[in-house]
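Protein chains in written order, with the numbering used here: chain D, 1 to 369; chain R, 1 to 443; chain C, 1 to 339.
For the record, the hints were derived by calculation from the structure and aren't laboratory data. A quick note: this is a predicted structure, and the numbers were derived from the prediction, not measured. Mixed in with the good hints, there may be bad ones.
[As the list claims (entries may be wrong)] Partial selection, computed: residues in chain R whose CB lies under 8 Å from chain D: (1) ASN63; (2) ARG64; (3) ASP124; (4) SER250; (5) VAL253; (6) ARG342; (7) ASP351.
Beta carbons: idealized from backbone N, C-alpha and C, even for Gly.
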Amino acid sequence: MLKTEELQINIGPQHPSTHGVFRMLVTVDGETITDLKPVFGYLHRNHEQLAEMNTYQQNMPYTDRLDYFNAMANNHAYAIAVEKLVGIEVPERAEYIRVLMVELTRILNHAGALGFLINDMGAWQTQLAFGMREREKILDLFESASGARLMCNYFRFGGVARDLPADFMPRLKDLLLAMPGFVDEMERLLRENEILLQRSEGIGILPQELALAYSVTGPVLRGSGVAYDIRKAEPYSIYDRFDFDVPVGSVGDVYDRILVRIEEMRQSKRIIEQIIEQLPDAQGGYMNPKARQNVRPPVGDVYARVETPKGELGFYLVSDGSTKPYRYKVRAPSFINLTPLGDMCRGYKVADVVVILGSIDIVMGEVDR
Amino acid sequence: MQDVVNQVINTTFGWNWPSWAIALIGYLIVAVILFAIAPFQMLFLTLYERRAIARMQDRVGPNRVGPEGIFQPLADGVKIFTKEDIVPDAADHWVHFIAPCVVVAPTMFMFVVLPWGPGMVPVDLNIGLLFFFAISSVSAVGLLMAGWASSNKFALIGAMRAVAQMVSYEIPAVISLLALVLITGSLSIVDMISYQGGLFISSRDVASVPDWGLGWFIFTPVGFLAFVAFFIAALAEGERTPFDIPEADSEIVAGYMTEYSGMKFGLFYLAQYVLNFLLCAITSVIFFGGWQGPGVGWLYAQAITPVNPQGGWVFNVLAGVLGVVYFLSKTYFFFFVMVWIRGAFARLRIDQLMDFGWKFLIPLTLVNVISAAVWVALTKWGAADGLAFVEGWSPLVRWAVAFVVTLAMNLGAYLYLARIFAHSQAERERLDDEVLESLINVV
Amino acid sequence: MDIPRGNIIVMDRRRGKLRVGQGLIQGLKVVWDHWAGSFHKNENFSQIHGTFTVEYPDERLPLPQTYRNMPVLLYDDESGHELCTGCYQCQRICPPQVIHITQAKDPVTGKMVPAATEFIIEYDACMSCGFCAEVCPFDSIKMDHVYELSTADRVSLTMRKAQLNRPISYYASIAPDLWAEVQAGAMKKLQGSIKRRPDVIGLAAVLTEKIKARRLELAAAAAAAPAAAAPAPAAPAAPAAKLTPEEKAAKLAAMKATNANKGVAAPPAKAPVELSPADAKAAKLAAIKAANAAKQAGAAAPPAEVPAELPPTDAKAAKLAAIKAANAAKKAAEQGNSE
């Protein structure tokens, strides 16, 4: 037997497929991984401390920058947290618009995430380009409603920044017409492709117990077979008014995560259709409160969480009665989902690392904050 | 090439030049082909690939430099020439320097045996096919040199993968060609092309078939299976998706090219695209008749050739042009297929690649060699070879029987191997899971 | 486990199926369809085939009105008065704190006046959140649609007031609906704040020079007039000479206001007067009052600052002119009375 040595490779922080400045210290025996240590913190921007220096309102645009793929969902979580703390009621129409935006976010996130995942597997950006096409359409809608494509900053305490523009609904309906075609096509491209099956079936298995032990959330947890969705488990906003299913996987590998994401896009589309049906008429200016400098919640603390496309995003706020939060803590899904990476990768090949990392769907802005 | 030059100069013009002058002219022409055509092909193919794949992704692709972006490769070339050449301190400088040359040179040599049109082969070696594949494996040495000399872990892994992959996939590629060599009875590429005249059925198998230049090997079960196996192996050899594992950019940055910059990097790219072109070309030559196509054979029969010294030179030109058009359009079609596959599929993993090559492709090509033997027996043998029962059949019936028998053999082998392969995959996965469970018992 | 209003779907993994390349061919088919479909353009949202590239420098996506990029300051086209009063609301809410305002002071009394002498926005650090535009009580700061801002150095992205000034007509052209929503209120507040701004304070920087020159011209004309016409002292002559054009302007304004209001949809009723005819009436009234007041003031009143204006061209400017005339006349009258 030939004597072999273990080799330590640094994948990252500058690496094409680490989704940002993220480093994995990989120990390989040949091509097989014997150990993997995720190292993060390269993108740390002092988000939480910064937020404690800002007023409640000023933090809203900073939450956009957490997970820059899903600005709307982050806004939602933060808005809910502050509303809970202050005790602000949100008008019906504003709630519907919020949920609409968040579900669109879910579609665009999954379209992009699957595209990046397939890209990491080595497909030359085709799936990514298709996903980006749909994402662009949704971003156009976001732009017409909020004024910005990515950093939407659309939610306000007690409503949304402004009502939907007149051409929003027709464009949204057009978009929904394209959506089944897009999702089916994605499924045709991904679901039965032998190469993709080879690369994703049985790869990066995260057993249920381990997933729960690491408190993983989102599609990664559901891929492992736990039907846990905060929209169902603890309905916030108006999620208890919609019919939608929770897809779960059975094995917990990369393939299951892909399937769960595809199905979640369908369910999001279902929710959006119900929103279009139920959306109440505008009730005047009440649902569009302007940005307020003087939000002054009573002394107390609050934890509010939502199901973002990546998992449970929670904001823990402690108020000392001033206009600035005394403590501001983000429970970032990307960060928590990344922690079991070492266990998910051990025993697989080097090429699988990037696929497993891609299937977790992280955004470094949220991991490092 | 030299016999054509000799024919034109000494017989047609009657100048009676010495043989060394003829040889010199012949080699000059070959050299021009090598050094003018090859980089041009590379430049064209980069643009072609980028535009085609952009269309597949609903984009437009580079269209800014010149009309429809045709000068984009030149702009890229200027850029890559003017880039700084960075050599890592820890690198083995000489090996690092030589490696790109070692990779590029063999690909240039491969042009030597490539026939472009009727009578337009630089050197008609009688072992052309063997030369082609022998020389192509030399570049693996260069890849390993590049990976080793860079003293970079990604580069080393990439080089190891490249060598493993190239060595493994030479075997199915050559075995699949072996089947056709059995049928043709020759290793000369020119012979293989001339075998493929006819209409659906090769004129050499059934003499009564008219020669429309369409008797390609792809129309036989043996040729078809050999084509599929060879094309897959060619993808692996040319490091194309789904087998672009040695330079998997999402895993090991750029593989053996990681530490290269400037024109050295450009040379690797040149080698790769030229190799891709050559693999597409050899695919079209061996399975799709190369320059064979309607009209070329007839035109060439009227031209000045050693066989027909009284021909008209205009037919030489016409046959040449038509032949080159046929040949290049087939070649570019295969390159399109390569791009198409690149646009559609993800990349395999190195162990899966090895599994696929050794457990599926090689058995399949071996079965194909047996099919080829059956084919040869049924179409060519007679009572003298111990196959008396086919004596009474007409050539067409013999061909049809051979077709059916080999089709059944190949299809059966394919389905059987696919099933076995799937089982072995499942088994491997189960074993992987067991290993995994032992590894992740950390809860 | 049971969940309300929905089911748990366990994803079908299709195990045990013999896969001999069907999936690969399916994938090739999908890509082929896109290749074949890419020779036409992806026209609208409901299509998934066709190129969707926007060839940027040649073609541009239409920007929605709500689009926000970088904040700019608005000034009134005709009078050149800025809407900004230097209230610091934007500076206070700006999350990255890139807005820096210097409040203007009256050169004579040294008191604060509602205008900003300097207004700096560091574009390089601005996060385009749009809060400044949202909180501005005078609708003076608005989000621009220009996105081609690249420069070779960072310093040139620190925008001063002169670079930030944009005419209202520019903003009304990029976001007509949004401007129409706030128009009436913004203009009314502007009129209010103009009262408390002495001389050139609060004028758009781009127009300051122009307006100064025009004033000098008028002063020269006024100085020349008495020398040629009457032995009367220059000061009393000035109001008399100005009265007629002022009156004319006010009447013109009133007429124009009526016309303009016919064409333009009436802004939401935040204005002091509800309907367009009333608007006109108010303007007329103001004009008449101005005339009367000026008459009452008599010869002793010093010349008002008012007439240094470009000819009014639309409703709001006319109104503004009328109100200004009234104010000036009132002031003159007061001074006259006190004397």
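Structure-based check of all given hints:
no. : hint   : result
1   : ASN63  : violated (16 Å)
2   : ARG64  : violated (19 Å)
3   : ASP124 : violated (38 Å)
4   : SER250 : holds (4 Å)
5   : VAL253 : holds (7 Å)
6   : ARG342 : holds (5 Å)
7   : ASP351 : holds (6 Å)
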